[in-house]
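K.L.:
One-letter residues, chain by chain:
There are 4 protein chains.
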Amino acid sequence: MRSPVPDYLVDVLDAVRSIDDGAPADYIEVLAKADTSRLAVALATVDGEVYAAGDSDVAFSIQSISKPFAYAAAIEDVGLDAVLARIGVEPSGNAFNELSLEDGTHRPMNPMINAGALATHALVAGPDASGPQRVERLRTLMSAMAGRELGYDEAVYEAELRDAHRNRGLAHMLRAGGIITAEAETIVDGYVRQCSVDVTVRDLALMAATLANGGVQPLTGRQVIHRDGVRQVLSVMTTCGMYDAAGDWVSNVGIPAKSGVAGGIIGALPGQLGLAVFSPKLDAHGNSARGVAVCERLSRDMGLHMMDVSQIGRAVVRKLVVTLAGGKGRTGDAIVPVYELRGAVLFGGAELLTRTLAHDLGDANDAGAGHHREATAVILSQLHTHSLNDVATRMLLENLRRLHADRRTVVLVDPDGVLDLTSLDPARRPRVVATDAEAQAVVGGDACRIVASQEDTGR
Amino acid sequence: MRSPVPDYLVDVLDAVRSIDDGAPADYIEVLAKADTSRLAVALATVDGEVYAAGDSDVAFSIQSISKPFAYAAAIEDVGLDAVLARIGVEPSGNAFNELSLEDGTHRPMNPMINAGALATHALVAGPDASGPQRVERLRTLMSAMAGRELGYDEAVYEAELRDAHRNRGLAHMLRAGGIITAEAETIVDGYVRQCSVDVTVRDLALMAATLANGGVQPLTGRQVIHRDGVRQVLSVMTTCGMYDAAGDWVSNVGIPAKSGVAGGIIGALPGQLGLAVFSPKLDAHGNSARGVAVCERLSRDMGLHMMDVSQIGRAVVRKLVVTLAGGKGRTGDAIVPVYELRGAVLFGGAELLTRTLAHDLGDANDAGAGHHREATAVILSQLHTHSLNDVATRMLLENLRRLHADRRTVVLVDPDGVLDLTSLDPARRPRVVATDAEAQAVVGGDACRIVASQEDTGR
Amino acid sequence: MRSPVPDYLVDVLDAVRSIDDGAPADYIEVLAKADTSRLAVALATVDGEVYAAGDSDVAFSIQSISKPFAYAAAIEDVGLDAVLARIGVEPSGNAFNELSLEDGTHRPMNPMINAGALATHALVAGPDASGPQRVERLRTLMSAMAGRELGYDEAVYEAELRDAHRNRGLAHMLRAGGIITAEAETIVDGYVRQCSVDVTVRDLALMAATLANGGVQPLTGRQVIHRDGVRQVLSVMTTCGMYDAAGDWVSNVGIPAKSGVAGGIIGALPGQLGLAVFSPKLDAHGNSARGVAVCERLSRDMGLHMMDVSQIGRAVVRKLVVTLAGGKGRTGDAIVPVYELRGAVLFGGAELLTRTLAHDLGDANDAGAGHHREATAVILSQLHTHSLNDVATRMLLENLRRLHADRRTVVLVDPDGVLDLTSLDPARRPRVVATDAEAQAVVGGDACRIVASQEDTGR
Amino acid sequence: MRSPVPDYLVDVLDAVRSIDDGAPADYIEVLAKADTSRLAVALATVDGEVYAAGDSDVAFSIQSISKPFAYAAAIEDVGLDAVLARIGVEPSGNAFNELSLEDGTHRPMNPMINAGALATHALVAGPDASGPQRVERLRTLMSAMAGRELGYDEAVYEAELRDAHRNRGLAHMLRAGGIITAEAETIVDGYVRQCSVDVTVRDLALMAATLANGGVQPLTGRQVIHRDGVRQVLSVMTTCGMYDAAGDWVSNVGIPAKSGVAGGIIGALPGQLGLAVFSPKLDAHGNSARGVAVCERLSRDMGLHMMDVSQIGRAVVRKLVVTLAGGKGRTGDAIVPVYELRGAVLFGGAELLTRTLAHDLGDANDAGAGHHREATAVILSQLHTHSLNDVATRMLLENLRRLHADRRTVVLVDPDGVLDLTSLDPARRPRVVATDAEAQAVVGGDACRIVASQEDTGR
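Chains as they are written, first to last, in my numbering: chain A, 865 to 1323; chain B, 865 to 1323; chain C, 865 to 1323; chain D, 865 to 1323.
A few of these clues could be false.
[Said to hold, decoys possible] Computed beta-carbon distance windows for the label pairs:
| # | chain 1 | residue 1 | chain 2 | residue 2 | range |
| --- | --- | --- | --- | --- | --- |
| 1 | B | ALA887 | A | ASP1092 | 31 to 37 Å |
| 2 | D | VAL874 | C | ASP1280 | 32 to 38 Å |
| 3 | D | PRO870 | C | ASP1310 | 53 to 59 Å |
[Claimed, not checked] Some chain A residues well away from chain D (every beta-carbon gap over 10 Å; in silico):
| # | residue |
| --- | --- |
| 4 | LEU963 |
| 5 | MET1037 |
| 6 | THR1187 |
Source of the hints: derived by calculation from the structure; they are not laboratory data. No residue lacks a Cβ here, since even glycine has one placed at the ideal position from N, Cα and C.
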């Protein structure tokens, strides 16, 4: 059986090929004479599968799509507070090349407009960095996200530098407002370099997938950017990524995104996938005309809208009741409730487990409730738990404390140590084992035997 | 064991009680003299569990928190296109009571500012509705979401109507611009009624949870609002819900939200939960000062930020290999791969299953690949599949087509009919059964027996 | 000989008749169906001569041209400070019907936009006035300026009142901001009445000439509006009269002006004339297309631009030297310098006389200078002095004090008492006479005889 | 007798000395450490008298006060149309250093904000000028206006150039928008030079008086700037000179003005005078705090508000009736009406003469009217006519044509040729003489004698 995904992507490209609106950027000749027949799409899952169609190996300059990655670098290099002190996070309602400074602070409204991107570039690699250090830091970071060494489109770099009057204007303004302290000319040069990095949609899809995957590159597994920085970058892409039509994009497409003047667009859907499109003709907003159409179609066809409720699967709690014929040192059968926590567990999953435990075991002070209130031992299985976020961890530990207070024995099946017990008083820590069989042995005694095992539907 | 969640909520309230900034709204006396010591929080999961702390049974007027619900009603009653023709979706960057019309169209910028909310109210219950019909439609809808009959705070209604100069101004302006056609005075009266609905944080949490649950009221299970409308409402809450600080709220809290002048705030995290807070003192933006603090703390403590990657658990594909000792009419053992799709499945889950099938079974034209390439039958289990979205359904059907083309037998365990097969050519439809045992019998013959069953880790 | 002015005006109308751009206002039918062939111009000098051409006796509704007159009335009735507390004076850069309130104060930007005009109307006739009293106050004032009883165009009044949604919106907003306290509906009704006053270009030209003449109606000589109020009105017409193109109008036409939606425009050139045009088709700015062309042509042809330096004639000082053969009780000839101050004297004229006196008579402490330093008597003639402004009066009195200190006799020829001597110490007051002959008699004795009289060109 | 004007100016300075608000500009040290006790005022009449008080010989950098002069130079050097194509004339409502470009055209809003001033500088001396040529052109022009060679404050120049980040930003932006084509750096350098010209209040008062005098330097009599350019400059100073408070300044002070950051302010009252003030402490708008107070006081005390009706004296028509006892070749007395036109004559004066002639002489077709209808000869005296503007000239010529058509003899007393007769058909030209006596001789014959001469009050 062959996967239908590649075929689907080919179909999507064919469907948008009839769109012939717009024109390539014409402010420099090297972009103006782009081959407007080029069309490509790529999609990378957070576990590293990449699907692509069309001219997916054709390289083009990354342009403004570099902005979120530079923003991520700046947050990494000087800290979020220092970044927020110089660049805001509000949509400007203006075009990308407007100054759009906040009253009072002189901060550019956000890092996705050029003024904010210049201010962001100036923070990369820290306060003492030289121009070349900033540039190399960004190339290296973007390469780590793409999973290969990226280079530059020199023709684009040279043409843009020659004609960068507006960015020079913005940079001098930022210097006047105290937002940048380096030489304006150096910042503009570095920013133009940053924008001239050469990429394919494959690269971009993996870079977007790195954001979607909490900063971990899907193929290399390397934590390229800290998770908190990623959240900030995705937030800003949501409200400011598509220039002056934030609300429209969020309503229609619902994927944090960023476009570039060479015709690229990326989208990063948290926890799911990164996508990238390329087609040089731009619409009136400066976004790739066919690219937008591809994004709208992918979002609709594939249900990628982030407000789509079905996006979010709750972690699953599976309840079993195991009856153990007593093993060594035990007499009689033991009826043991087993709670399996499956998937990526966050508040919802932890809450569901907590609620189930409270329901099944009852309150120690309330003799009547809870169909397992007689159980003296409980098995908690993390075998199929992918991950626990902070709140889930805290809730599980609190559950362990309360079960201990109720004088129940807990055995934790957690071969990978998903649940970090270090903050729990050692005296209250449960026994941790690697397999179900071990857990059963702890409760039922060595060589105990499963007499019955069935899903517990009791409530 | 008692759940720690209520204790946590009490702690959160205690932590913010020291915040004494701000003042209650003072434009009408009935709000100005509110008991500023009131403080409450409630949290409702999408499966209907409600946790609450503080003054969770104290009622207050819903005020602007009614806006997203009225927007949902308008979309339901006249259709999204008709709504978008009259009201935009862009953040205005202005205060809630600014006119903020778009050039050219005269559309209010979005439905969360007063001008847009008045225009929204005018669409409720359709073009021929009377004032009382619009009002009753909204009360009924909000009651259905809260799960109880809601009433009005008459004192608030009368005081606000007396002093509604600004809203009268806005309504006449909208009439002048052709956005509304009803009498301005009638619209203002109805809007003031809508804002005077009396609610508690419990009510609001359930109303928010209804949004978070795709329009299905968690307790009654009724589809109160169509899923597409919910997506639109949540999108607009994301970019416009907290007035002039959209970017800041998305970055810091990351939950689609709406606040009201009486001191309430709701948040709706898609697929997870609804929350509500109440405290009458407002900050400079007009949002409840303690309420904002509670939201920030809940988001941080509970990992509720929608850009937090860990939010989204991928659907799980569980692979087993079952060896069946032949039953009636069979000889020899059959080694049958079993694919269980668990959780809410959307593109990511379907893609993972697809990829797994392609990997295990190999391409029909490629003799070498696939460790199960010899398998003539495959069991596909939807037993633990909560739901399939459109794209997942389409992908699964496509998988069935391709497996059929490869001449493999597929047995589908799907007691609840989660996978809709109607669009599949009857000749290609798999056999559908209700239990694993039935599936095994289909493949291995009646009375076949499981000789071995183990997780398949082959790749 | 017949005056060429009427012929010139006819020529101007003929020249603009080919302009066929624009369309009459179409928001109410009674304006939409205006006879667009109507074309008229009138010009009234500050001494009451009225020239007119075209349909100068056709009446039309005054509309926004009433705004400066209502502003004048408000200043008169509640004082400038109270007016400025509620309405600003800055150009808004927006269309006439924008809200354009100042941040913080909620003041409409200026009284020439609708919001400001509504706020102005509310101040007319003082805080306790009723709606009908405000309306009648304005009709009476405008009638006094036009020099005849003005009435209303009832069809326009009724149609506009029916459709005044936007003005209702503005009025409610102003009430919300505390700028007006009366019922919004009453203010809108009164304002619509104010705008429906029926006028001809003759009326408007005389009303404008009243402004140009410092508030004195040219024909009746009645001081209809206080001079300070007039200055304020003309200042605001200069910067805000032609809506969103203040700078353009000041540069091109250079006459304080105001236009109305029925096709009228007035211009008031301080000290010189009032003009009015009428043609119903409006340009994109909402100003009469032919009317603007007439104004530009009149300004250019007639040199009416207020920054045209040649506008301002300096008051003339005429110096004579009269040799008197001694009359009764005198022996020998007396050579007496005579200083005639001609025209409307303000700082420039007074300064010129002062400088001349200082030059001719020399400093008492400086024996050498001044070719009339021997003169013991000086005749100062105000016979041809039209008026003295405050500074000129103060300077002349100071001259009299200094001449007295220098022990020179001054005789003042001032039959009309143009120079007010009351603030001068009686001991230092000069002898005041009615004719040159009397003055000569005072200096040369009764029955003295002029032996020679010649212009004094000495310097 | 000594003139009281200098004493008055000293009093004004004493009165404002108590104002201690504000602070000197602090963006460069050389301005920040200015001697804030400095205070000076100067006043120059359009005929060249200069009054001064305080530190009137202390030099300071001209700064933004150079803007109107550079604007005048640009208009002179490339023409008004070319200037308007690049720089608008509308008040921006923003601070001086805002970009404030018009949508679409990218034109700076006006030449008084920095962006417009940079664009203006770039036009000086024409399209092919070098940086030094532009700078020298401006220094030379300003020197010609001041009446002495002006130099530079090198310390200010160097400090400002070092810190001109914002102006660099603006210049690069203007280059990006195609408004300037020269190197941004060169324009900024030249503009900083232009702003560093060293002046005293005496210089500035004469420079302003040159504008007030239609471009003619009062002392040298040289036409430094063309009259049309002056009108444009004064118009723009009126609406844009005092930054974001155009309406307020026009209402309160009513004098076209410009301020500079070193503490200077100039005002130019058309036809009357130029004034200049200096005091380094600036108010919140960036204008000299004491300087503004001096301007308000001068305007109020001296009646300088340009909307003050009394500003404008009408030209005077003096009518005499001379009875001549016949001279050589004549018999009997001749009663001859004499019309003297006095002062600067423009439309108003010409209209008054026209009206008088039409009244006195009557219509040729209307036998009854006109008390001088029998007069066969008329004397028109221009002896005291300072000047005639275009419209006055055209009207007088038309009067001559009509008098000729009525078969009356006209004798023109016009020794200086104030009335240009070249456009009049030679056959219709009146006899032109130099003195009243000659005129009488023409009418009454040589050796005729004046029997009676009296003012004609007939009407």
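K.L.:
Please go over all the hints and tell whether each is borne out by the structure.
P.N.:
Structure-based check of each hint:
1. ALA887(B) - ASP1092(A): 31 to 37 Å: 34 Å, holds
2. VAL874(D) - ASP1280(C): 32 to 38 Å: 34 Å, holds
3. PRO870(D) - ASP1310(C): 53 to 59 Å: 41 Å, violated
4. LEU963: Answer for LEU963(A): violated, closest chain D Cβ roughly 6 Å.
5. MET1037: Answer for MET1037(A): violated, closest chain D Cβ roughly 4 Å.
6. THR1187: 79 Å, holds
In terms of the numbered hints stated before, the structure departs from hints 3, 4 and 5, listed from lowest to highest.
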